[in-house]
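Using the sequences and the hints, build the whole thing.
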Amino acid sequence: MNIRLNGDTYEISSALSVTALLAKLQIDPRRVAVEHNLIVVRKDAFDRTTVNEGDEIEIVNFVGGG
Amino acid sequence: MADGLNVADTFTIAGKTFTSRLIVGTGKYSSHLVMQRAHEASGAEMVTVALRRVNISDRSKESLLDYIDSRIFLLPNTAGCYSADDAIRTARLGREAGLSNWLKLEVIGDEKTLFPDNEELLAATKVLVKEGFVVLPYTNDDPIACRKLEDAGAAAVMPLGAPIGSGLGIQNPNNIRIIRESARVPVIVDAGVGTASDASLAMELGADGVLMNTAIAGADDPVTMAEAMKLAVRAGRLAYLSGRIPRKMYANASSPIDGLVGRDVQKV
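Chains as they are written, first to last, in my numbering: chain A, 157 to 222; chain B, 18 to 285.
For the record, the hints were derived by calculation from the structure and aren't laboratory data. Remember, predicted model here, so these are calculated numbers, not experimental data. Yeah, the Cβ is synthetic: ideal placement off N, Cα and C, and Gly gets one too. If a hint is listed, it holds; no wrong ones were tucked in.
Anything over 10 Å on all C-beta distances counts as not near chain B; from chain A, calculated:
#	residue
1	ASN158
2	GLU167
3	ILE168
4	SER170
5	LEU172
6	THR175
7	THR205
8	THR206
9	ASN208
Below, simulated DSSO-like cross-link-like pairs (lysine-lysine); rule was C-alpha separation at most 27 Å, straight line:
#	chain 1	residue 1	chain 2	residue 2
10	A	LYS199	B	LYS143
11	B	LYS33	A	LYS199
12	A	LYS199	B	LYS147
13	B	LYS165	B	LYS147
14	B	LYS45	B	LYS78
15	B	LYS33	B	LYS147
16	A	LYS199	B	LYS78
17	B	LYS143	B	LYS165
18	B	LYS129	B	LYS165
19	A	LYS180	B	LYS78
Laid out in structure tokens, this is it:
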């Protein structure tokens, strides 16, 4: 099944938690913020938030800026 | 106020006190290492950061945060946002990424000038203040816009000196002075600084702080420029506190008129 991940199509084998998705992507959850279908997911809700087919996920982090 | 350089001179935004009045960016550096050294030389206690998508396909890039001293306070921005809605969305993500509710709020109105869209900025400020954010809006050098932002609950106002990254210096010193006179929150001149004297001028006009990125990151030697900016901000601040002399149209001799050699003594 496919999800939209940072504006691109991304394939997952089955529904999974945000925590599992980040682990799969090798992203340190402490360093990022995640949006699930336009709603910010609090870090303490990463485990219990499920990513399903067709969901839109944005994963952002800090970069250099002024 | 006394004792010149030894004077304790802090400033406070939303209950948080800073010793350094220089706030610097983290963008445009040739390397993370140069940025780190420039930050150290600047003495800044707060730096701005931007929020962008994680590169999913290439995870090799080092994290910016590894190169920011843990004692430095992070101020996420909403750079690149062109509407209140986009800025609000970015702000909420920034709060979650950084675990602080502070925000440099930018809502841009035009790609070429990067001037703020004050209408959208004000709308976003109202929403985010209600959500508990400490909002520091980047705004025009317009005293009325600043007043409206302050009334909407902004914790400071950050009028531009000149367009972002232009290095043109303070284009409208009198407006900055008027904004400082009327504002009841800290005034931070944000953007437009090109060199040290620009930062000094902002401080001499009464600004509580200066925020810059390109002037340091884009200099041939960013680390030395960072130190120059630290000294310039301090010099300008001390000059402001000292109370400059009034401007006069003609000379006023510094040496005594009496006792000049070769002149007859005047009998009263």
